[in-house]
Amino acid sequence: MSFVPKIIRRASERGVSKIDWLDSRHTFSFGDYSDHRFMGFGPLRVINDDRVKIGHGFDTHPHRDMEIITYVLQGAVRHKDSGGNGSVIVPNDVQVMSAGTGVYHSEFNDSKTENVHLLQIWIQPDKKGHQPRYQQGNFSNEAKRGNLKLVVSGDGRDGSMMVHRDVKVYAGLFDGKERAEYEVIPGRKIWLHVAKGSLTVNNLSLSEGDAIGVEEAGNLKLENGQNSEILLFDLN
Numbered sequence: 636m637s638f639v640p641k642i643i644r645r646a647s648e649r650g651v652s653k654i655d656w657l658d659s660r661h662t663f664s665f666g667d668y669s670d671h672r673f674m675g676f677g678p679l680r681v682i683n684d685d686r687v688k689i690g691h692g693f694d695t696h697p698h699r700d701m702e703i704i705t706y707v708l709q710g711a712v713r714h715k716d717s718g719g720n721g722s723v724i725v726p727n728d729v730q731v732m733s734a735g736t737g738v739y740h741s742e743f744n745d746s747k748t749e750n751v752h753l754l755q756i757w758i759q760p761d762k763k764g765h766q767p768r769y770q771q772g773n774f775s776n777e778a779k780r781g782n783l784k785l786v787v788s789g790d791g792r793d794g795s796m797m798v799h800r801d802v803k804v805y806a807g808l809f810d811g812k813e814r815a816e817y818e819v820i821p822g823r824k825i826w827l828h829v830a831k832g833s834l835t836v837n838n839l840s841l842s843e844g845d846a847i848g849v850e851e852a853g854n855l856k857l858e859n860g861q862n863s864e865i866l867l868f869d870l871n
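Take any residue in the sequence shown, note its place counting from 1, add 635, and you have its number in the working numbering.
These are computed hints drawn from the structure, not numbers from a lab. Treat the hints with care, as some may be off.
In silico lysine-lysine, DSS-like type, Cα no more than 27 Å apart, as pairs [what the hints assert, rightly or not]:
#	residue 1	residue 2
1	K779	K762
2	K715	K747
3	K715	K641
4	K831	K763
5	K762	K688
6	K641	K856
7	K688	K831
8	K763	K641
9	K784	K747
10	K812	K763
11	K763	K715
12	K824	K653
13	K747	K763
14	K784	K856
Simulated DEER-style distance windows between Cβ atoms [stated by the list, open to error]:
#	residue 1	residue 2	range
15	K653	E818	38 to 48 Å
16	E843	G719	18 to 28 Å
17	F693	R814	29 to 39 Å
18	M674	E818	20 to 30 Å
19	Y668	D790	26 to 36 Å
20	E818	E843	20 to 30 Å
21	Y668	G737	34 to 44 Å
22	R645	K747	28 to 38 Å
23	E816	S775	31 to 41 Å
24	Q766	F693	37 to 47 Å
25	G737	E818	32 to 42 Å
26	E818	G719	17 to 27 Å
27	S652	V723	20 to 30 Å
Everything numeric in this text was worked out from a predicted model, so none of it was measured. The beta carbon of each residue, even a glycine, is placed where N, CA and C say it ideally should be.
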């Protein structure tokens with residue numbers, strides 16, 4: 636069975652934060668942007684679509700009791716945290732930081748030639764008080780091409796990055812005749828975010844920054860992609 640999504644979140648309707656070095660779009664309420672209709676979706680609390688100028692970034696700041704995913708679409712992000720972790724995150728990388736009992740970190744544009752475009756994603760953990768942990772992996776374009784590739788999960792299956800929550804996050808690239816289907820099982824909910832390009836989901840046209848929320852069982856059909864990159868969140 637296919638169906639119309641319960642929630643359609645258009646890119647143009649998202650919250651906006653702009654300062655001289657940061658242009659951010661908020662799918663859900665965040666910071667000074669608040670919309671009681673979009674406080675999150677199940678355990679998915681934040682999707683911030685950030686563009687950071689050369690030489691700038693987020694100074695050291697604290698987090699706790701949140702699973703934080705960084706997904707870079709263009710450029711490079713330099714990460715440092717109080718656990719002694721330091722890395723550069725580029726497209727095809729997925730970074731997970733479990734803040735747990737508390738962590739400080741910073742993220743800066745690592746490029747001297749281009750702005751960085753990234754998604755910052757927060758997922759609520761299954762409980763408070765986990766030990767902080769850090770993980771980063773790379774998932775090739777080939778693995779995602781015309782396919783939904785598991786990149787984050789609650790158990791680290793199939794080489795995915797692990798979070799403290801019963802969720803699955805898939806990344807996919809779709810262009811031309813490439814297509815995929817995803818079965819929504821009873822008791823689960825799906826959030827699908829278009830990070831780049833455009834495609835149709837069950838004949839509904841979605842463009843960059845658009846998203847849908849699904850809360851009933853059935854099949855999602857992803858097709859008619861035009862240089863599309865998507866993230867699909869399967870949530871409890």
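Hints versus structure:
1. A hinted pair counts as satisfied when its Cα atoms are at most 27 Å apart, and K779 with K762 does not qualify at roughly 31 Å.
2. In summary, the hint linking K715 to K747 is supported, as the alpha carbons are separated by about 18 Å, within the 27 Å threshold.
3. The suggested pairing of K715 with K641 is violated, with an alpha-carbon distance near 39 Å, which exceeds 27 Å.
4. In summary, the hint linking K831 to K763 is not supported, as the alpha carbons are separated by about 33 Å, beyond the 27 Å threshold.
5. Simply put, K762 and K688 have alpha-carbon atoms about 36 Å apart, too far for the 27 Å limit, and the pair is violated.
6. With a C-alpha separation of about 15 Å, the suggested pairing of K641 with K856 holds against the 27 Å cut-off.
7. Straight-line distance between C-alpha atoms of K688 and K831 comes to about 19 Å, which keeps the hinted pair within the 27 Å bound.
8. For the hint linking K763 to K641, the alpha-carbon distance of about 30 Å lies beyond 27 Å, and the restraint is violated.
9. Between K784 and K747, the direct Cα distance comes to roughly 31 Å. Violation of the 27 Å bound is thereby established for this hinted pair.
10. With a C-alpha separation of about 44 Å, the suggested pair K812 and K763 falls outside the 27 Å cut-off, and the hint is violated.
11. Between the alpha carbons of K763 and K715 the distance comes to roughly 23 Å, so the proposed pair stays at or under 27 Å and holds.
12. About 31 Å separates the Cα atoms of K824 and K653, which puts this hinted pair outside 27 Å; it is violated.
13. Using a Cα cut-off of 27 Å, the hinted pair K747 and K763 is violated, with the two alpha carbons roughly 39 Å apart.
14. Distance hint between K784 and K856 is fulfilled; the C-alpha atoms sit about 15 Å from each other, no more than 27 Å.
15. Checked against the given bound of 38 to 48 Å, the beta carbons of K653 and E818, roughly 39 Å apart, stay inside it.
16. Range check, E843 to G719: about 36 Å between beta-carbon atoms, so the 18 to 28 Å window is missed.
17. In this structure, F693 and R814 meet the distance hint of 29 to 39 Å, their C-beta atoms being roughly 37 Å apart.
18. The hint said 20 to 30 Å for the Cβ distance between M674 and E818, and at roughly 27 Å that hint holds.
19. For the hinted restraint 26 to 36 Å between Y668 and D790, the CB-CB distance of approximately 33 Å keeps it satisfied.
20. Under the hint 20 to 30 Å, the C-beta atoms of E818 and E843, about 26 Å apart, fit the expected range.
21. The hint said 34 to 44 Å for the Cβ distance between Y668 and G737, and at roughly 25 Å that hint is violated.
22. Evaluation of the 28 to 38 Å hint for R645 and K747 yields a pass: the beta carbon distance comes to about 35 Å.
23. Separation of E816 from S775 is about 22 Å and departs from the stated range, judged on CB atoms against 31 to 41 Å.
24. Taken as a hint, the range 37 to 47 Å is violated for the pair Q766 and F693, whose Cβ atoms sit roughly 23 Å apart.
25. Taking the beta carbon of each, G737 and E818 are about 38 Å apart, inside 32 to 42 Å as hinted.
26. In this structure, E818 and G719 break the distance hint of 17 to 27 Å, their C-beta atoms being roughly 41 Å apart.
27. Between S652 and V723 the beta carbons are some 25 Å apart, a value that agrees with the proposed interval 20 to 30 Å.
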